[in-house]
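> Take a look at the letters that make up each chain.
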Amino acid sequence: MSQATLSHKRPLGLTILITGFIVVWVILAAFPFFWTVWGSFKVEPDFFSRESWWNAIFGVYTQRQNDGSAFTGSGYYGAWVTREFWRAVGNTAIVTVSVTVISLTLGTLGGYALARSGQRYAFWILILALVFRAMPHITLVSGYLLPFFQLNIWGVLPTSIIVLVAINQPFTLWMLHSFFLSIPKDLDESAMVDGCSRFEAFRRVIIPVMWPGVVTTGLFSFLLAYNDFAVTSMLLSADNQTMVPKISSFLGSVQEQGNVMFAVAAVVSATVPLFILVLFFQRQIVSGLTAGAVKG
Amino acid sequence: MPHKTFFAFILPSLIAMALFIALPIVSVVVQSFHVEHGRILVEVESCQPFGGCTKETRVDTAAMSELKAAQPMGQFNGFGTYLNRGHLAVNEIGAILANNNGFGDIVTRIYNLPFYKALSFTLVFCFVVTPLAMALGFAIALAVNTLPKVTKGPVIFFSLLPMIITPLIGSLILYWMIQPNGIIGATLRHVFNDPTLSLRQSPALTWFSLLFYGVWTNAPFSFVVFYAGLQTVPADTLESAMIDGASRWERIRYIVIPHLAPLATFVALVQLMDNFRVFEPIVGFSAEANATSLSWMIFNDLAGDAQLFGSAGATSVLTIIGVVILLTPVLIRTWREFNHKVV
Numbered sequence: 009m010s011q012a013t014l015s016h017k018r019p020l021g022l023t024i025l026i027t028g029f030i031v032v033w034v035i036l037a038a039f040p041f042f043w044t045v046w047g048s049f050k051v052e053p054d055f056f057s058r059e060s061w062w063n064a065i066f067g068v069y070t071q072r073q074n075d076g077s078a079f080t081g082s083g084y085y086g087a088w089v090t091r092e093f094w095r096a097v098g099n100t101a102i103v104t105v106s107v108t109v110i111s112l113t114l115g116t117l118g119g120y121a122l123a124r125s126g127q128r129y130a131f132w133i134l135i136l137a138l139v140f141r142a143m144p145h146i147t148l149v150s151g152y153l154l155p156f157f158q159l160n161i162w163g164v165l166p167t168s169i170i171v172l173v174a175i176n177q178p179f180t181l182w183m184l185h186s187f188f189l190s191i192p193k194d195l196d197e198s199a200m201v202d203g204c205s206r207f208e209a210f211r212r213v214i215i216p217v218m219w220p221g222v223v224t225t226g227l228f229s230f231l232l233a234y235n236d237f238a239v240t241s242m243l244l245s246a247d248n249q250t251m252v253p254k255i256s257s258f259l260g261s262v263q264e265q266g267n268v269m270f271a272v273a274a275v276v277s278a279t280v281p282l283f284i285l286v287l288f289f290q291r292q293i294v295s296g297l298t299a300g301a302v303k304g
Numbered sequence: 007m008p009h010k011t012f013f014a015f016i017l018p019s020l021i022a023m024a025l026f027i028a029l030p031i032v033s034v035v036v037q038s039f040h041v042e043h044g045r046i047l048v049e050v051e052s053c054q055p056f057g058g059c060t061k062e063t064r065v066d067t068a069a070m071s072e073l074k075a076a077q078p079m080g081q082f083n084g085f086g087t088y089l090n091r092g093h094l095a096v097n098e099i100g101a102i103l104a105n106n107n108g109f110g111d112i113v114t115r116i117y118n119l120p121f122y123k124a125l126s127f128t129l130v131f132c133f134v135v136t137p138l139a140m141a142l143g144f145a146i147a148l149a150v151n152t153l154p155k156v157t158k159g160p161v162i163f164f165s166l167l168p169m170i171i172t173p174l175i176g177s178l179i180l181y182w183m184i185q186p187n188g189i190i191g192a193t194l195r196h197v198f199n200d201p202t203l204s205l206r207q208s209p210a211l212t213w214f215s216l217l218f219y220g221v222w223t224n225a226p227f228s229f230v231v232f233y234a235g236l237q238t239v240p241a242d243t244l245e246s247a248m249i250d251g252a253s254r255w256e257r258i259r260y261i262v263i264p265h266l267a268p269l270a271t272f273v274a275l276v277q278l279m280d281n282f283r284v285f286e287p288i289v290g291f292s293a294e295a296n297a298t299s300l301s302w303m304i305f306n307d308l309a310g311d312a313q314l315f316g317s318a319g320a321t322s323v324l325t326i327i328g329v330v331i332l333l334t335p336v337l338i339r340t341w342r343e344f345n346h347k348v349v
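Chains A and B, in that order, are what the protein sequence lines are. Here our numbering = 1-based position in the first sequence + 8. Here our numbering = 1-based position in the second sequence + 6.
Just to be clear, a hint being listed does not mean it is correct.
Said to hold, decoys possible - In silico DMTMM-like links for lysine to aspartate or glutamate, alpha-carbon gap of 20 Å or less:
hint	chain 1	residue 1	chain 2	residue 2
1	B	Lys-10	A	Glu-197
2	A	Lys-193	A	Glu-208
3	B	Lys-123	B	Asp-111
4	B	Lys-123	B	Glu-294
5	B	Lys-10	A	Glu-208
6	B	Lys-74	B	Glu-51
As the list claims (entries may be wrong) - Calculated from the model, a selection of chain A residues having no Cβ within reach of chain B, i.e. all distances over 12 Å:
hint	residue
7	Glu-52
8	Arg-72
9	Gly-81
10	Tyr-85
11	Val-89
12	Ala-123
13	Pro-192
14	Met-242
Since the hints were made in silico from the structure, they are not lab data. Just so it is clear, CB atoms sit at the ideal spot from N, CA and C, and this is done for glycine as well.
Could you build all of it, start to finish, from the sequences and the hints given here?
In structure tokens, the structure reads:
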């Protein structure tokens with residue numbers, strides 16, 4: 009759009025309206041996070057105040073319980089140390105990294121084959137993947153539980169990892185398929201004319217140029233594994249829980265003890281990595297979302 | 007590419023999908039036709055020196071576990087689970103239709119059956135949140151497109167947050183704020199001057215807050231896609247429309263919206279698929295008393311102490327049928343396009 013000409017002609021009223029709308033939206037989008045981060049350093053009677061939410065800002069009870077300081081780390085201490093949230097963080101790290109690496113490995117091979125095949129069955133595999141992509145995860149979980157009990161592989165991390173990889177495959181295949189379509193065919197075909205086998209051509213010619221697409225797809229694989237609740241809450245035993253099911257287990261047990269602040273602190277801790285992710289990979293996330301839309 | 011190479015490349019991925027997506031679907035179907043074993047009761051006579059003998063009925067745990075080991079899925083039940091009160095409730099619906107006090111009565115009584123309650127919330131969530139989120143996303147995209155370059159980056163950054171956030175965590179963050187002792191809940195009480203106001207108590211307010219969460223978390227996706235689409239609107243067309251005297255609104259209506267229509271279909275499809283499995287917000291908002299969804303029903307069957315695999319299986323199969331119905335128009339269209347290309 010020709011920005012300059014359009015913005016010169018925009019009437020003042022419209023500019024104010026647009027600015028106001030954007031301000032309201034940004035507050036709506038960002039304020040809940042800042043409020044929760046701020047509140048996580050307070051005690052429960054402040055953040056969930058029965059009197060006035062100004063208490064959450066000034067920390068009246070926090071000061072009383074804390075020798076005058078308006079901030080406290082007790083929520084974090086309770087969650088990380090007392091309730092061993094660090095263990096869940098470790099599990100999440102293992103699960104997300106493994107899921108990302110494995111699904112990218114399988115996905116690049118499969119996506120490359122789909123992009124170069126041109127056969128009828130390649131189309132059908134993509135359609136099947138689309139149907140699989142639409143399956144609610146919890147319906148699949150209800151199919152896993154009994155077989156996993158029988159095989160005695162329920163509750164451990166590798167099972168969840170492989171399940172998440174599989175659930176992730178349809179999306180990864182679609183994304184990398186459309187990415188590989190954008191890499192010219194001549195590139196690997198000329199390598200094959202020079203005597204490379206298909207796999208050698210893939211390794212020597214395609215792998216060096218595929219990283220932008222792989223990074224973008226990897227971000228979404230990471231997010232899927234990180235954000236999952238349905239699979240990890242049903243398939244992991246209490247000792248092996250990742251962060252999200254752990255937080256939900258806080259709510260069940262901690263609320264009775266009047267210490268919901270553990271959950272608040274854990275929620276903030278789990279949000280920080282996502283915040284950093286968006287900060288560094290904003291461009292890739294935006295381009296990944298649109299790549300699927302424009303080409304798919 | 008030769009068939010052999012193709013399958014060598016794609017086989018690992020196909021095996022993963024077959025084992026952990028296709029096979030579980032089969033397993034769900036099989037499970038849904040089975041039901042948990044009935045309890046095996048034994049009569050035990052216990053005699054005490056002075057009290058005489060009493061007969062007592064007890065659950066025979068040994069025989070139960072033996073039977074469970076032999077037939078872990080339970081006994082065959084055919085379509086029994088599908089038709090019972092917890093699912094399609096055929097008998098109950100028949101009774102309601104045969105004997106009722108008008109249309110309103112039919113609707114309320116059917117709504118009180120668990121499956122239909124979950125189905126209605128799921129559908130309302132799907133078909134209210136998707137268009138609203140798309141409209142909001144489109145509005146944000148138009149507005150952000152007019153901003154100077156410096157402010158675009160930070161605005162996009164903050165706009166991405168509601169989408170990128172873990173659904174359970176995002177719903178908890180909002181839930182804590184709208185609780186009566188959170189900032190929004192307390193403010194609402196103050197504004198409406200009603201000290202008993204609570205978003206959790208009435209079903210309507212619970213639905214409203216869940217739908218609000220849905221729009222909040224879905225809008226950024228539409229925004230990002232539409233914003234990228236706006237960058238590809240042909241400048242010549244816009245300019246010629248301006249020369250022809252088209253107003254700002256007419257340019258949006260007759261050039262921008264038609265240009266973005268294919269993108270809108272894509273966004274609608276993805277968001278309908280995602281919203282159909284709405285589940286985490288119900289857990290996060292602890293809303294199960296007033297709003298349940300199909301996914302939540304399955305979760306609830308599986309999470310209890312007595313895991314009801316048959317019941318969860320039947321709900322899952324019904325959910326999958328729902329997904330397929332939702333996808334049918336897309337599949338038919340793709341199929342036609344593909345045939346067009348081949349012929």
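> Look at each hint and say if it fits the structure.
Verification of the supplied hints:
1. As the CA atoms of B:Lys-10 and A:Glu-197 are separated by approximately 17 Å, the hinted pair is consistent with the 20 Å bound.
2. A C-alpha spacing of about 15 Å is found between A:Lys-193 and A:Glu-208, which places the hinted pair at or below 20 Å, so the restraint holds.
3. The suggested pairing of B:Lys-123 with B:Asp-111 holds, with an alpha-carbon distance near 15 Å, which does not exceed 20 Å.
4. For a cut-off of 20 Å, the pair hint linking B:Lys-123 to B:Glu-294 stands: about 11 Å separates their Cα positions.
5. Between B:Lys-10 and A:Glu-208, the direct Cα distance comes to roughly 15 Å. Compliance with the 20 Å bound is thereby established for this hinted pair.
6. With a CA separation close to 26 Å, the supplied pair B:Lys-74 and B:Glu-51 exceeds the 20 Å bound.
7. The beta carbon of A:Glu-52 sits about 10 Å from the closest Cβ of chain B, which is not more than 12 Å, so the claim that it is off the interface is violated.
8. No Cβ of chain B approaches the Cβ of A:Arg-72 within 12 Å, the least distance being about 18 Å, so the stated non-interface status holds.
9. Residue placement check: A:Gly-81 keeps its beta carbon more than 12 Å from all beta carbons of chain B (closest about 19 Å).
10. The beta carbon of A:Tyr-85 sits about 20 Å from the closest Cβ of chain B, which is more than 12 Å, so the claim that it is off the interface holds.
11. With a closest Cβ-Cβ approach of about 21 Å to chain B, A:Val-89 is found to remain outside the 12 Å limit, as its non-interface label requires.
12. Not every CB of chain B is more than 12 Å from the CB of A:Ala-123 (nearest about 10 Å), against its label as outside the interface.
13. Against chain B, the non-interface label of A:Pro-192 holds: every CB pair exceeds 12 Å, the least being about 16 Å.
14. Distance to chain B contradicts A:Met-242 as a non-interface residue, since its nearest Cβ pair spans about 6 Å, not more than 12 Å.
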